[in-house]
Each structure stands twice: as C-alpha cells, then as structure tokens.
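Trainee: Protein sequences appear in the order of chains A and B.
Under this note's numbering, the final residue of the first sequence carries the number 486; numbering is consecutive throughout.
Under this note's numbering, the final residue of the second sequence carries the number 588; numbering is consecutive throughout.
Calculated from the structure, these hints are not laboratory results.
Worth double-checking, as some hints may not be accurate.
To be verified - Straight-line C-alpha distance at most 25 Å; calculated SDA-like pairs for lysine to any residue:
hint : chain 1 : residue 1 : chain 2 : residue 2
1    : A       : 345       : A       : 451
2    : B       : 464       : A       : 11
3    : B       : 574       : A       : 56
4    : A       : 141       : B       : 574
Stated by the list, open to error - Per label pair, the in silico range of CB-to-CB distance:
hint : chain 1 : residue 1 : chain 2 : residue 2 : range
5    : B       : 293       : A       : 177       : 34 to 40 Å
6    : A       : 96        : B       : 249       : 41 to 47 Å
7    : A       : 189       : B       : 135       : 49 to 55 Å
8    : B       : 568       : A       : 93        : 57 to 63 Å
All residues carry an ideal CB built from backbone N, CA and C; glycine is no exception.
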Amino acid sequence: MSPEAAILAAILLPAAGTLGILLAGRFSANLREAVTLTTSVLLAANVLSLLPDVLAGARPAVHIATLVPGIDIAFEVEPLGMLFAIIASGLWIVNSLYSIGYMRGNNEKHQTRFYAFFALAIVAAIGVAFAANLFTLYLFYEALTLSTYPLVTHKGDENSVRSARVYLGLLLLTSIGLFLPAVIWTYGVAGTGDFTDGGILAGHIAGPAVGLLLGLYAFGIGKAAIMPVHRWLPAAMVAPTPVSALLHAVAVVKAGVFSILKVIFYVFGVDFLAATPSADWLLYAAAFTILAASLVALRQQNLKRLLAYSTCSQLSYVVLAAALFKPLAEVGAVLHIAAHAFAKITLFFAAGAIYTASKKTEVHQLRGIGRRMPWTMAAFTIGALSMIGVPPTGGFISKWYLLAGAYEADNYVAMATVVLSTALNAGYFLPIIVLAWFAREEAAPGSVGAAAASGVKKDHGEAPFPAVLALTITAALTIAFFFFHQPALQLASEISMGLP
Amino acid sequence: MSVEAYHLAVLQVVVPLLSAPFVVLLRPRGLAWAAASAASAMAFAIAVSLTAGVLSGDEYRYAVGGWAAPYGIEIRVDALTSLLLLVVTGASLVALLAGRRSLDVDIDDARQPLFYGAWMLALAGLAGIVVSADAFNIFVFMEVSSLASYILIAAGPNRRALPATFKYLVMGTIGATFYLIGVGLIYMMTGTLNLADMAQRVHEVADQRPVLAAAGFIIVGLALKAAVFPLHAWLPNAYTYAPHAVTVFLAACATKVQIYVLLRFDFLVFQGNLPGHEFQFSHFLMPLALLAILLASGVAMMERNLKRLLAYSSVAQIGYIMLGVSLLSATGLSAGIIHIFNHALAKGALFLAVACLGMHIQGLRLGDLAGAAKRMPWTMAAFVIAGLSLIGIPGTAGFVSKWLLISAALAEGSLGIAVVAVVLIGSLMAVVYVWRVVEAAYFQSPQAGSPEGRHEAPPMLLVVTWAAVLGNVYFGLAPGLPIKLSQAAAASLLQHLP
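Full structure from sequences and hints, please.
Mentor: Okay, here's the thing in structure tokens:
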C-alpha cells in the first residue's frame, strides 16, 4: 500500500470500525468485540507501515479538500505525528482487550455505544496526529472533544452528567474562546497555517504579541491541562476506567501536549521562540502546574483522581521541556509523551482492575491488596516507578533528556522543578506501593458490614483475564521502553534536526 | 442568454403568485399541499438555474411589461439576489415537503387550501422583494408577504398564536410604514423609484436633509421588520406559536429578506451619496449587533420553551449578520452575507427537528423533552448536529461564517479584538443553550406515564430533516458555492463606496 493510501486508511479504518461495531452490536457481543479488536490491529499495522518511510525522512501527505483558498483539509505524516499515532493506535489494541474484561466484569450498560464512540474518538486522535495544518488540527481536536463526551457521561447518572458538563464546557470554552482565535490570528498574519519546519510566524509577528499568541495556544489547547484549565481532567474520571486509561491518559491529553508541541515546532519555530523574551512565561506556567498538581495529588484519597492529578503534572513536564527551547529538551518532551503513555495507561488499568475485582476506589482500602492481586499490583508498581523516573523504566529516559536540556539551557528553575516534583511523585506513589504490598489487610470487626453495605468485596482474586493480560503488556512496554527507545529517539531527533 | 433564461427572473415571482389562487381551489384532501409543493419545487429549480447563470457570469435584468427602467418596473438578479433566492425557495420547499403531516395536525382539512394559498403568496412576496430593483415594488411585495405570513402564523394551534400575530402585525405595519415614508421622501427629492436610478440622482439633490431623514426611516423600518435588536419584540412569540412548518419557513428566510433590502438600499443608495453615511450606518448598527448577540443569547440560556429558545437564538444570530455587515469591509460583508445562508441552514434544520419532536411531544418545554432521545433517537441526533452548526463547531456550516467573521474582525485592529471577544462569548452561550436541550433529551428520565418505546417522526419529515442536517455538514466541508456568492455580493455592494 502506498503511504498516501495508508494515511487515508488510518482515518477510514476506525470510522468503518464504528459502523461495524454499531451493526455487529445488534447481533452479538462477541462479534462486536471481534470487530473492535480486528479494527485496532489493522489500524496499528497500517500506521506502522508508514514508519519506515518517515524514518527514512519522507513526509507522505494527502490533500483532501480546500474550503477557501489557503484553508485546506490535508494530512501529512511527520515524525512527531507518527509517534503519537503509533502510541494511540498501538495502545488501542491493548485497551480494547482491557475494555472487554472491564466492561463485562462490571456488567456495564450500553456497551455498543461505548465501543462505537471509542472507535470514533480514535478517528479524531489519528486525525489530530496526521493533521498537516492548523485548521485540520482544530477540526479533529474538536471532534475528539465531542466524541469523548458520550464516553465520559457513560453512566448517565446525575454525577456523571454534572462532571461531563465540566468536561465539555471547559474544553469547548478554551478551544472556542482561545484556540480558535489563535488559529485565525495565525492564518491572518502568516497567510497560511501549514505546519512547516522552522515555523511560519517568524517575521510576521514580534514583541509581546508573540507571548500573547503563545498564551492563546497554551491555554486554548485545554487538553494539555496547564493550570488553571485542568479542571476537566479530574472531572473526566467519572468515565469507565478504559476511557480514563486510553483517552484521559493517552489519546486526549496527549493530543493536547502534542498540539502544543506541533505549534511550538512548526508554527512558531523553536529558534524564534528562544529569541523572543515574551515567550518565557510558558516555562513558569508549566513548572507551577507540575508542582501544584503534584501537591494536590498528594492529598487525594480516590485512586483515579490521584492518577488524574498526576497526569496533569506529567503533561506539564512535556510543556516544560518544550518551553526550554533547547534541542535536547525537545527530545525529552517527545520521549516523555511515549514514556508517560505506557506508564499511565498501566496505572489506570491497574486501578480499573482493582475496581472490577474488589469495587475498591480509595487509596486507604488498598491495604495488603498486593497479595490478592499480585500481577495487577506488580504492574502498578512498575508504572509508579516510571512516574517517579526510576530506572529501568521509560520515565527515566525522558527525564534524563529533560534534565540534560535544562542543564544545557542553564535553567535552574526547570532543574529544581524536576527534582522537587520527583520527590513529590515518590511522596504519593510510594505509600500506595508500601500499603499494597506490606500492610496487613483490614479485618477489623464491624467493618465487614460497612464494607458489604458499600459494595466492597472482601474475598477476591485478580480481575478478568483480558484485563490482567492488558496491564501486563503495558507494564512490560514501560520497561521495554527503557531498553528499546531507539525508534522513538530517532523520530524525536528527526524533528530536532529539522530545526534550522 | 436564451429567451427562456431571460424570463426566469420574473418567473421566480410569477410561478408562486399564480399558483396561489389555483391552490385555493383544490378541495380534495392533500391536493392543495401537493400543488403548493410542486410550485415551490419549481421556484427552487428556477432559483438554482438563476444561481448557475449568475455563477457563469450572467446578470439578469428584466423590464416588466417591456417598460424600460427607470419608468417601468425592473427586476434584477445578481450574486446577492441569487443567494437569497436559494434560501427563500429552498426554505419553502423543505418546509412544505417536511411539514405535511405536521400541518395536518395543526390545520383542519377545510382550511388547508386557504392556508397553502397564503403560503404561496408569502413565497411570492418574499421572492418578489428579493428580485425587485424598484423601491416601491419592494414595498408592495413586502406587504404581500407580510399579510400572508400573518395568516400563516395565526394558523397555529395554540390560541396564543392570535395575540402573537397581532403584535407582529402592529410592529410589521409600523416597519413597513417607516419604509414607505422613507421611500416617499426620496421620491419627493429625486422623482424616481428605481434603486439604481436613485443612486445616480440623490447627489444631484441640493438639500440632503430629507434624504438623511429618509435613510433614518428606512433603516429603522427595515430593522424593525428584520428583528434587529432591540426591535425584535414581535419575533419570539410569532415563531413560538406558529405551526412548526411555518416556523421552519419563516425562521429560515423572512427576517433575512428584510436585511437584504436594508443592505441593498443602504449600500447602493445612501452610502455612495451621503458623505460619512457608512459610519453612521456602522456606528448605529454595530453596538446593536453586539448587544443582540449577548443579550438574546443570554435570554435563550434562561428560556424553558424550546421554540422560544431557538427564536431568541435567531435574534442573536441576526446580530452576527449585522455585525459582519457593519464592519464595512469586503471580508466583513461577505461574512455577514454568508451567515444569512448558513444560519438559514442551521436554524431550518433545528426547527425541522422541532417539528419532528412536535409530532409526539406536547408542549415542547424543556421538561417535556425528558427521555426524548430514547423515543426519537434519529430526531435528537439531527438536533445535536444542527445544534453544533449553530454553535459553529468545525465541520459544519456555522463554523465557516464564524471563521470569516473573526478573520474580518481581527483585521480591524483593537476594536476588532472586542468584536472577536463578543463573537466567541456568543458562541459559548450557544453551547450552553443547545446543551440544555441535549441534556434534557438525553439524560433526564422520562416522566411517569409517558409512552415507552420508539416513536419516530413520520419518515418524510425525518428524511427532509436529515437532508437539511447533511446540508449543514456538506456546506461546512465544501463551502465553495456560498463563499463565492457572498464574496461577489460583497464586492458589488462595496463598489458604490467612494
């Protein structure tokens, strides 16, 4: 298949999968899940088929339509988008496996709707990854918001409707209120929105306006969850865990930081921003988010909310690294997208597996759970170590490059932030690990009745097999990324070499 | 141009006008509807072929009765005209095709021929306003369309349709009278009624004060008929209590036709001749447009009746049109003009979905919609997509006009930033009022005693609704045609500026 056909297929496959899921859902659940799995495997294979060309330096592109002269819907695969697409499509396979175990294990309703909108969200994520210009990016960015809304509100009770309102409201508020004017402003001054190596804005805009435009992008791309526009992320945790895992740890939030990286690399240009003092504030906003979100995470009792704040802080690592405007740091930013994806999806899988097996959602309930669910908690431990940045996990690699970049830039704020937040990460993850492995299970008298009333199961083993398999795979990927990150590094350095 | 093509411009009015008395005579059930639909389809086909002609570079000028302008009545079709003709005839055709079953419920059999006859007159009147190049003739058609639409609105099943119609009648008459006073003043000073001729002669007039007074009367009169804030008081109840199909028709085109006359008159006759008038026009209308967007959207956010919610949204959307126009630049004008087309698509589709809902849900307050998504999944899905177009989500027609409007405003410097802020706040307010409907329909559990199971709207109604919804998506992804027409229209309106 030619690369151009592969790009189109990457968009159309999950779209066809959506229809297939809707049709198959009328006949049998097994058939429907088969459609999901087949589609995800085909998609990943198809996306991977583009990798050799991109590594060889090619930039396959497809032009779909011209709305107005100068404003096109078009796709182009460049290294950063390639990486994001591989992560999203690859983890979709694992996540589909996990979904099967989770959704069936919890007897969730409306499963056909769930899988259909999930596939639709993947269409949008791939569209974001391969967008060749700002307009196309914005189109699929909004599609991603809208297609995940039914997933967040899946339960349909009052709590999830209220949280979903925050989710949709904040994401649309930022994208329509800030992102859209930034896009139109860019088209207005540069005359184009095509992603170009070295940026398109240099020479068209100068002084404080650069900082302002960067601000419109940084906060307008609310999916990157820079404080104070992060509130949608904890709100999204009412969704079923597979949604939190793939979408709110990988596809949606990564679409956010990915878009910010795209804007920094290909719209502003790293050198242009490095030479513009008014763009410096982004580093401090990211540093603040890293520390503040970690502090909030420290105080969370609900496991998924804790993970959400951790995500919020980890996303700002990417932004922080990018905002150093140094080649090594940019490599760190790109690598951290991948490293965090593997680790965080593992943590969410584990949280969901714990819920499926035991209905436990709070941190203090996890005493001694490691003995009942050794596989799950082992995976959780690996994920948590990667969050802290301990070798041999993927998180170490990206932190290494990030620190190297900070050192290169002589930026003590960035270095101090990384060191401090590593301590904070350890501060909220290690107690969970200790609690799970070394504490004794609660068996106080009277708590049995209370536990039964709250639906907590006392006697349980591991979650259903597909879920455990999925989290084992992602935990293995987290470790594998430490040893085999060459392709990702190569992709990342392609981008940095593309800088003039 | 062939002889037949030459006559197309006048046939645009003649076909519906002559079909009106014919429709009234058709007594057997359903026949009047069929004839009215056929006439509408023919009118739409004429509009399409006129548009095709305009796109290939023709300009249609027709002297009625062979009397040449400026003495005879002239009919003209250019880019702006053809865009409006598409909207007017398209809205009528869609509303008639979709509305048969819905109208059967609202209007008893005996009165149906009269009702459809009035519909044809309204169509003829609106099309006549658009094609006329003669100020007095515009007034005549304005009266024809207004009187006919009073009948259409008064046919609403709720008794409150009558006071709503009466309010519309009083306000509409005041508006038309103001317009007539303005035209009279100009006629007194120049001795001509043909717009193009007027534009030539106004500057020969020694004393310009009566012309300025005429401009005031005409702008205010037309603003009243176009429901420009704060002269919109007649609109919400008129839309709310009219039969659903009538709301589809009128919401899509009636106010826009008045805006069209306002544009024609002001840009063609006044701005070229009255020094500095373009700033009077802009400084008068822009604050009103901004207020319309903010206040009417605010009211829509609070409103509990679905149709009145959408009606207030229309007042806000008229604000967007006037805002683009009052920027006085080529991009601003084309943004305003294309929003005439795009808003007709979005609001038409929304009111069609309302018509679907109205088949099975009484009252149409937000509380009545609880659980509607389960009973009518296709209808509510259509409502959501059309609602996204109203908000201006990319991939829909509404986004194209927002994009052009913001681009035009950003070119205006610091004032533009305030304008952009209002446009964006208005869009976010639209998110709120559309989403209130969505949440009511999707997440509230139905009231006790309401029927279970699926009850979709009649197939014809649903098919037409979805056609309109897909139109929103199509013109969101391939907006070439309306953009071309609106840019040509903006260019021709602005060429009269010094």
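Trainee: Run through the hints listed earlier and report the numbers of any the structure violates, in increasing order.
Mentor: 4 and 8
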